[in-house]
Amino acid sequence: MTTETTPAPATGVSQGPEVSISASAAARIKALMEAEKNPGLMLRVMVSGGGCSGFSYGFDLEKTVAEDDRLFKEHDVTVVIDEASLDLLRGSVIDYTEDLMAAAFTIKNPNATSTCGCGTSFSV
Numbered sequence: 500m501t502t503e504t505t506p507a508p509a510t511g512v513s514q515g516p517e518v519s520i521s522a523s524a525a526a527r528i529k530a531l532m533e534a535e536k537n538p539g540l541m542l543r544v545m546v547s548g549g550g551c552s553g554f555s556y557g558f559d560l561e562k563t564v565a566e567d568d569r570l571f572k573e574h575d576v577t578v579v580i581d582e583a584s585l586d587l588l589r590g591s592v593i594d595y596t597e598d599l600m601a602a603a604f605t606i607k608n609p610n611a612t613s614t615c616g617c618g619t620s621f622s623v
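Each residue of the sequence shown is one higher than the last, beginning at 500 in this note's numbering.
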């Protein structure tokens, strides 16, 4: 399946799968959209300074798109990432994992040189 990448509405269409969305992540996003009774919700993925390894991932449900946001559409869901975060996430796969310890969105980031034990912070 091909990832459709779209910049914020006014900037045109970008080529290439800069970020991929796993089927598991898409299923969870769809479940959240249904629970919120809002089919227009998108998953926002952001990177901020902090965490045990230097940067940390953040996730939120979003209804709006800012001018510096990029949209990634795959499996009938949309992920929103701002340009600054995209620089650190390029080539990543957004996944959703469930195990005995936790259920959470995760990032498989080829740019990370190290990660902390919890998997929510990384360094480059």
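Do not rely on the hints blindly, as some may be mistaken.
Claimed, not checked - The calculated SDA-like cross-link candidates involving lysine to any residue, where the alpha carbons are at most 25 Å apart (straight line), are: (1) Lys572 with Gly553; (2) Lys536 with Val564; (3) Lys536 with Leu570; (4) Lys572 with Asp559; (5) Lys572 with Met545; (6) Lys562 with Leu587; (7) Lys572 with Glu582; (8) Lys607 with Phe558; (9) Lys607 with Arg589; (10) Lys529 with Phe604; (11) Lys529 with Gly548; (12) Lys572 with Ala603; (13) Lys572 with Asp586; (14) Lys572 with Leu599; (15) Lys562 with Ala611; (16) Lys536 with Ala603; (17) Lys562 with Leu531; (18) Lys607 with Lys536; (19) Lys607 with Gly548; (20) Lys529 with Thr612.
To be verified - Simulated restraints, written as ranges between beta carbons of each label pair: (21) Pro609 with Asn537: 27 to 35 Å; (22) Arg589 with Ala534: 26 to 34 Å; (23) Asp559 with Ser523: 15 to 23 Å; (24) Glu535 with Thr612: 20 to 28 Å; (25) Asp575 with Glu597: 36 to 44 Å; (26) Pro609 with Gly557: 29 to 37 Å; (27) Asn537 with Asn610: 25 to 33 Å.
In case anyone wonders, no lab produced these hints; they're calculated from the structure. C-beta: ideal position from N, C-alpha, C; glycine also.
**Message:** Hint by hint, where does the structure go against what was stated? Just the numbers, ascending.
**Reply:** 1, 11, 14, 15, 18, 20, 24, 25, 26
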